[in-house]
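Those protein sequence lines, which keep their order, are chains W and B.
So for the first sequence, my numbering puts the first residue at 608; every next one is plus one.
So for the second sequence, my numbering puts the first residue at 12; every next one is plus one.
None of these hints come from the bench; they were simulated from the model.
Hints may be right or wrong, so weigh each one.
[Unchecked claim] Partial pick of chain W residues on the chain B-facing surface, computed with a CB cut under 10 Å: (1) 631; (2) 640; (3) 657; (4) 661; (5) 757; (6) 777; (7) 780.
[What the hints assert, rightly or not] Covered stretches of chain W, as calculated for chain B (at least 3 residues, CB under 8 Å): (8) 643-655; (9) 758-764; (10) 783-797.
The C-beta atom is built at its ideal place from N, Cα and C for all residues, glycine as well.
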Amino acid sequence: MARSGATSFPSYRREELEAFEVLIQRYGRRIYNIAYRMAGNDADAKDLTQEAFIRIFRAFRRINPDASLESWLYRIVSNLYIDMLRRRPKVRIESLDAPVMTPKGGEIQREVPDERADPAVEVLNTQLDAGVQRALLALSPDLRAVVVLSDIEGYSYEEIGMILRVPVGTVKSRLHRARRTLQDRLQHLRPQGSEG
Amino acid sequence: MGHARLERQLSAYIDNELTADDTQQVRAHLETCVGCREELQRLEHVKRLLGSLPERAPVPQVFEELRQQIISQAPRESGSVLEAISNAFRRPALAFAAAAIVVLLIAFPLVKGRIDRLRAAEVGPDVFVREHALSAVADPFADRAYVGLLVTDANLALIGEPRSRGGSLR
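The following block holds chain B by itself, in its conformation from the complex (with noise of 0.2 Å):
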């Protein structure tokens, strides 16, 4: 090693952070060199001042301060929408049942309305019928137990009986 790589070592050298090799290796330069012999002196100097620097006694509301701020607020409460939607992606089960809620609120108005109206579509022939037949009972030459067995057929489809039953009187 040369001179100016040497002196950088020096730092290490004071705290025995070297390997034994390069403790040897500075030893043995420090003993030729005079430079690096006051270099080191005022490396340790230094070392010396930071090291009896007094313990600076914290001001006495920090951790009285701090004390209070834990227990008055919620680690939640204090982020911003921000945090609070990257909170949400730390906690994937959470962000998946919401994920959830959203879809079925979206879903079920849809799915229900269609279930409504095909519901509709198969009773609207019933209450066609039935009408028709009522109003047929009107003319003379109507044949009056036909009409009443379609009259009671589209009642019990109405009512929701199951159309097999009256299906085979038709």
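Chain W extracted, bound-state conformation (with noise of 0.2 Å):
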């Protein structure tokens, strides 16, 4: 039984893509989430999700079974963001969710087919969320990273720093200088009355 296991999956164990099974389980909605607010679109965020976890089911036979996983799997999503930044530099990201800027400064929404069943409840929410998306992806990836985690996925500065492997400090300002930028960019998204 363990023979015919181990020569149709020449590589893993079965008792590991048991376990690959639960991280996939436990995490996998979340580091697809995080690697969408960082790349901003689902194609990228879809080939980050995959290389993050490829990469630690490569490493697991040496890692430290103890070892924070979920922290070890953020961080490999935002460093492979950054990566990927690098490799592509000229390319531009861009969100089918986002306006099309016209050159006399103004939006126009791309056509895109939605399968959902009422898009039109939707559609408050999902300006909103594209309006913040394109919001973040101004951010600097450093900062856009801490906001990320922080207000979207609720860590505190201590788990931020340790994912990141960066002081508290630098989350503490990091945080706030992508708070002040994104203030400034999402004004129009203030309730009426609160200005002032």
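Both chains come to you apart, so use the hints to assemble them.
Encoded structure:
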């Protein structure tokens, strides 16, 4: 029995494959979400997520089972993203959801077929999402990683420091800078009446 | 703390990441500074907006493709030659075994060749003695008994008998 398993999966044992499945189930969606918020589009989010998991699996036999795989995965995703930007600095990463800017400063929304049951219900949310995502993409990757982990994923400064391997003081100052920049870009989304 | 430094603490204040002492100072400053109160509101708004973002549902094929890749792709096959070499160095026992095999492959023919040449040098005189003893038989005045002894001795040496046996006869 064990032999047949070994021949069909030459590289991984059955219990390892089971452990991988558990990791995918437990962290897959969150990793994808972080990758999406970092990269701003599904194609890159998909690549980043898959690559992050493959790296974890490759290193699986060498790593300490007590090590925090979670923070490792997040670190891999953010490092992979930064690597990706370095490899193709000329490529503009653009979300299909993001509006197209016209020369006169207006915005046009792309028409992308929507397969959800009732797209109209989600239009408001989608617009808000696209606006915030665009503002996020305008941040430098360092600032973006901190603000995604803190305000979208809800990690503490200490946890973010561990994930990104930077001191807590750096997390604190980056987060503040990121929010200051975002607040300028997201002013139009502030509720009416709360201005001033 | 001055106004500018307190203002930089506002994000950490929102996140409850300040020490009790710093929290007190920021709170006291907020009582008196309108600008910082507004800044605080704006920062809180940003945090709320980001927190309200819906989770992005993964595109369906992400994990399916990942599982396919894990099953089909051997981790060692996926890397380049360099990666294979660096992998070998991560396994010192394997690297040592490979090095030992290479050394053996090179050393074995050298050593064996040397041994063969030594052995040939050793049997050489016996072949020479035997050939000359046999040709000496043609000489009518040759001591045939002695020649017979020489030939037998050389023959014994050539088939590998210990030299000491016949040696005393020579």
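### Task
Three residues minimum, CB to CB under 8 Å: does the stretch 758-764 of chain W make the cut for coverage by chain B? Let me know.
Three-residue rule met by the stretch 758-764 of chain W, so holds; n is 5.
### Message
Can you confirm whether chain B covers the stretch 643-655 of chain W, using C-beta to C-beta distances below 8 Å and requiring at least three such residues?
### Response
With 5 residues in contact (Cβ-Cβ under 8 Å with chain B), the coverage given for the stretch 643-655 of chain W holds.
### Task
Could you check if residue 657 of chain W really has its C-beta closer than 10 Å to a C-beta on chain B?
holds (5 Å)
### Query
Are at least 3 residues of the stretch 783-797 of chain W within less than 8 Å of chain B when you compare beta carbons?
holds (count 8)
### Message
Quick check on the hint: residue 777 of chain W CB to chain B CB, less than 10 Å?
### Response
Where the cut-off is 10 Å and the nearest Cβ of chain B is about 12 Å from residue 777 of chain W, the hint is violated.
### Hint check: 10 Å Cβ-Cβ cutoff, residue 640 of chain W to chain B
holds (5 Å)
### Query
For the hint on residue 757 of chain W, does the least C-beta distance to chain B fall short of 10 Å?
Cβ of residue 757 of chain W sits 7 Å from chain B, so the hint holds.
### Message
Would the hint on residue 631 of chain W be counted as holding, given a Cβ-Cβ threshold of 10 Å to chain B?
### Response
holds (6 Å)
### Hint validity - residue 661 of chain W Cβ closer than 10 Å to any chain B Cβ
holds (6 Å)
### Task
Identify whether the interface hint at residue 780 of chain W stands, where standing means a beta carbon of chain B within less than 10 Å of its own.
Since the shortest Cβ distance to chain B is 7 Å, the answer is holds.
In terms of the numbered hints stated before, the structure departs from hint 6 and from no other.
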